[in-house]
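J.: The residues making up each chain are set out below.
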Amino acid sequence: MSAAVRIEPLDTPEALVAIVAARVAEGARLAALFVAGSSRRPMLTAAVAARAELALLTAPLEAAAYPALSPLVPAAAYYERAIHDLHGIAASGVVLNPLILPLPEGAERPRPGSGSSPAPVEPDEHTLPVHVTGEGTFTLPYGPVRSGVFETIEYLVENAGEEILHLWVRPFYKHRGVAKAFEHRTIDDGVLLAERVEGVASVAHAVAYCHAVETAAGIEVPQQGAWLRVLYAELERAANHLDVIVRLCEAAGLAVANARFAWHKERVLRLLAALTGSRFGRATVVPGGVAGAPQLAPSDAARRIGELAAAVSADVIELMRTESFLDRLWGTGVVTPEEARAHGALGPVGRGSAVAEDVRRTRAYGAYAWGAAPEPRLHHDGDAHARLRVRVGELEDALALASQAVDEARAGRGGVRVEVPEGVSGRACGWAEAPHGEVLYFIGLEDGRIHDCYPRSASFHNLPLLPAAFKGDVLTDFAFIEASFGLSPAGVVV
Amino acid sequence: MPWATRGLRVVTTGYPHTPDDYGGSFRAAVSPLPGARWEPDMAQVCPTGAITEHDGVPRLDHGRCIVCGRCVRRFPRAFRSDAAVETAALLRDALVVPPLRETDEALARVRAALARRVRRLRRSVHIRHVDAGSDGTEEWEIAALLNPVYDVHRLGIFFTASPRHADILLVTGAGSAGMLRPLRITVEATAAPFVVVACGTDAISGGLLGRGYATRGGVSEELAVDVWIPGSPPSPFSILHGLLLALGRFPKGGPA
Numbered sequence: 012m013s014a015a016v017r018i019e020p021l022d023t024p025e026a027l028v029a030i031v032a033a034r035v036a037e038g039a040r041l042a043a044l045f046v047a048g049s050s051r052r053p054m055l056t057a058a059v060a061a062r063a064e065l066a067l068l069t070a071p072l073e074a075a076a077y078p079a080l081s082p083l084v085p086a087a088a089y090y091e092r093a094i095h096d097l098h099g100i101a102a103s104g105v106v107l108n109p110l111i112l113p114l115p116e117g118a119e120r121p122r123p124g125s126g127s128s129p130a131p132v133e134p135d136e137h138t139l140p141v142h143v144t145g146e147g148t149f150t151l152p153y154g155p156v157r158s159g160v161f162e163t164i165e166y167l168v169e170n171a172g173e174e175i176l177h178l179w180v181r182p183f184y185k186h187r188g189v190a191k192a193f194e195h196r197t198i199d200d201g202v203l204l205a206e207r208v209e210g211v212a213s214v215a216h217a218v219a220y221c222h223a224v225e226t227a228a229g230i231e232v233p234q235q236g237a238w239l240r241v242l243y244a245e246l247e248r249a250a251n252h253l254d255v256i257v258r259l260c261e262a263a264g265l266a267v268a269n270a271r272f273a274w275h276k277e278r279v280l281r282l283l284a285a286l287t288g289s290r291f292g293r294a295t296v297v298p299g300g301v302a303g304a305p306q307l308a309p310s311d312a313a314r315r316i317g318e319l320a321a322a323v324s325a326d327v328i329e330l331m332r333t334e335s336f337l338d339r340l341w342g343t344g345v346v347t348p349e350e351a352r353a354h355g356a357l358g359p360v361g362r363g364s365a366v367a368e369d370v371r372r373t374r375a376y377g378a379y380a381w382g383a384a385p386e387p388r389l390h391h392d393g394d395a396h397a398r399l400r401v402r403v404g405e406l407e408d409a410l411a412l413a414s415q416a417v418d419e420a421r422a423g424r425g426g427v428r429v430e431v432p433e434g435v436s437g438r439a440c441g442w443a444e445a446p447h448g449e450v451l452y453f454i455g456l457e458d459g460r461i462h463d464c465y466p467r468s469a470s471f472h473n474l475p476l477l478p479a480a481f482k483g484d485v486l487t488d489f490a491f492i493e494a495s496f497g498l499s500p501a502g503v504v505v
Numbered sequence: 045m046p047w048a049t050r051g052l053r054v055v056t057t058g059y060p061h062t063p064d065d066y067g068g069s070f071r072a073a074v075s076p077l078p079g080a081r082w083e084p085d086m087a088q089v090c091p092t093g094a095i096t097e098h099d100g101v102p103r104l105d106h107g108r109c110i111v112c113g114r115c116v117r118r119f120p121r122a123f124r125s126d127a128a129v130e131t132a133a134l135l136r137d138a139l140v141v142p143p144l145r146e147t148d149e150a151l152a153r154v155r156a157a158l159a160r161r162v163r164r165l166r167r168s169v170h171i172r173h174v175d176a177g178s179d180g181t182e183e184w185e186i187a188a189l190l191n192p193v194y195d196v197h198r199l200g201i202f203f204t205a206s207p208r209h210a211d212i213l214l215v216t217g218a219g220s221a222g223m224l225r226p227l228r229i230t231v232e233a234t235a236a237p238f239v240v241v242a243c244g245t246d247a248i249s250g251g252l253l254g255r256g257y258a259t260r261g262g263v264s265e266e267l268a269v270d271v272w273i274p275g276s277p278p279s280p281f282s283i284l285h286g287l288l289l290a291l292g293r294f295p296k297g298g299p300a
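Order-wise, the sequence lines are chains A and B. Count the first sequence with this note's numbering and you get residues 12 to 505, in order. Count the second sequence with this note's numbering and you get residues 45 to 300, in order.
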């Protein structure tokens, strides 16, 4: 384990809940709550982040229930629902509506990490609550098959006239059992699966996974490899931020801007493909470094990044003074700084609400630890406009950092990769700042194979803030609010 | 400079009528080289079991391949990265190289039957995309078809919100259990005749996830698939190739 992670074994879930609640009350943030694997004893595990440290608190679960954490730490609520869906272990004293896998009472649960081989499941949406409200109100189901080319997710939008009263999110449709699918794989195969947890952040997930493996193996990525990871990760960030801008422009019917930013996004994917052979930078980040030297000469890469940055910048300037567009974003979908801080909001959603969390700085990893991480782009309004401003700022930073990474990788020593020793065992945690925010990987290795793996995407952690952001917004704001969150459903329901 | 003056630069590809240089510049597929000999380690290097032995030579199933390129790195004299983007096929068997059996005759039959079915669609075709458990990348590549580079509107291809207006169902994802019912409802709501396209290795075989407690190893057990587009994810060019193949409009006639 790296210096930034502290493991605290506890005797009972009661003690764990009390300590986590006390830490969060003192200003720490709940980063994850899950059940880690062990065939004999499932362990309730909480990750609590406080500045540069990540504490992992574990407690054995002897019974099929544990005291609920969510009444004290509301950010735990979705985690408790997911634990119940996957393991059938209930947080007592709270209502646990199914979230990622609705199964009928008494059904066998997949229990990832337990070493079991669960039978195919039949999700049953009748287990989900149906909400009927008063006179003049109606529910608009939106999804799971949605208009336009979107990932599957269902929103139940409850309205009174135009105004949205409440939003229910049903992401379970594309639960793929990814955590279970990690089990028994080799370390090398695991990274390919990590890339598919949340495909639009393939590089960030691969980096976080590899970071965990490298910690367990006690190896360090050589300079050149570490800088190449930064290059690919920052291009991925640029592509994702451009994607959010495209979707916002589409929602506003701003056709020319939509086309131009879509073209810029395409250019970023093409640059990634020219460097790595894959438009998503896949099969490139591997345990110990990166698979090979870039396929594009550094001078060509630097030139293309420079051209892109200039083209993007010109269009961003125009976009950020197109008032008919910005008017749709001002005051839309507000997450207050208090809500964001209490929830431990991640990524651009957090930074748009004055939460400076960015693991490239707070728990700097790889080449980011050598002073490369940019200052967080903080805004305080918490609306869709603030999140857009965070993203356009980060877009500029990402391309500047990519350019720097090209130079540093060219000068860097030590090659692109070190060998991972055979037969690595142990438990470790890894992380990366994906375009959506902090990604965490908790893995248990046994003799060079994965025993259990729990990936936690920023999309999952930020999900509860989405319904909370509807504060008197109307139906036509929906597309803007959703796009401004930039969640990937694949990453939500791993 | 206002937006009105910004939309003028021409970046649109001429593909498929004229070749596009970008199309050949990244890894679209992996294929065994002619004359390659089988080695026992070949099966182990592939994370999805796409490589098997056949009469002493390696055989590769593009429908299972996630294009990680590991076999190319390990056995550079037996496998190569393939930049040709025309990866789609009208028969599942045709994705296997060298082929499982003679496919020419079956292919001719399938092509003729498909041609009869799509004849009425002519040059205005509407697509309904359904995500049945993808990792999110296929959606990006499909959405890219609408950007000014690929611009499928120039080919009379459009996306529609309702399956009632759809001529093509473009299905992605490993077949997640939760999407089986919505998928069935969508198929029932689609007006005949329509064409089903399995987009991506995940949709064809489940890819790396394969069969799990929550995935059904692709969508082909749920749907009668007409066109198979391998890739993880397939590039926009490959998707375009698959769509034109479905419509019998791919100009070269191409090796399907």
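Rather than coming from a laboratory, the hints here were simulated on the basis of the structure. Don't be surprised by glycine CBs; every beta carbon is placed ideally from N, CA and C. It cannot be assumed that every hint is accurate.
Which residues of chain B face chain A? A partial, calculated answer using Cβ under 10 Å [claimed, not checked]:
| hint | residue |
| --- | --- |
| 1 | W47 |
| 2 | Y66 |
| 3 | R114 |
| 4 | R117 |
| 5 | F119 |
| 6 | V174 |
| 7 | D179 |
| 8 | A218 |
| 9 | M223 |
| 10 | E232 |
| 11 | P280 |
J.: Evaluate each hint against the coordinates.
T.: Here is how each hint holds up against the structure:
Restraint check, W47 (chain B) versus chain A: the minimum CB separation of about 4 Å is within 10 Å; hint holds. The interface hint given for Y66 (chain B) is met, as the beta carbon of that residue sits about 6 Å from the closest beta carbon of chain A, less than 10 Å. Restraint check, R114 (chain B) versus chain A: the minimum CB separation of about 7 Å is within 10 Å; hint holds. Evaluation of the R117 (chain B) hint against chain A yields a held restraint, the C-beta minimum of about 7 Å falling below 10 Å.
A cut of 10 Å between beta carbons decides the hint on F119 (chain B): the least distance to chain A is about 15 Å, and the hint is violated. The beta carbon of V174 (chain B) is positioned within 10 Å of a beta carbon in chain A (closest approach about 5 Å), and the interface hint is therefore held. Residue-level restraint check for D179 (chain B) holds (minimum Cβ-Cβ distance to chain A is 3 Å; threshold 10 Å). A distance limit of 10 Å between C-beta atoms decides the matter here; for A218 (chain B) the minimum to chain A is near 6 Å, and the interface restraint holds.
Annotation: interface hint on M223 (chain B) holds; nearest CB of chain A at approximately 5 Å, less than 10 Å. Of the supplied interface hints, the one on E232 (chain B) is violated, with its beta-carbon coming no nearer than about 12 Å to a beta-carbon of chain A, more than 10 Å. Taking 10 Å as the C-beta contact cut-off toward chain A, the hint placing P280 (chain B) at the interface holds, the least distance being around 8 Å.
Going through the hint list in order, the structure does not satisfy hints 5, 10.
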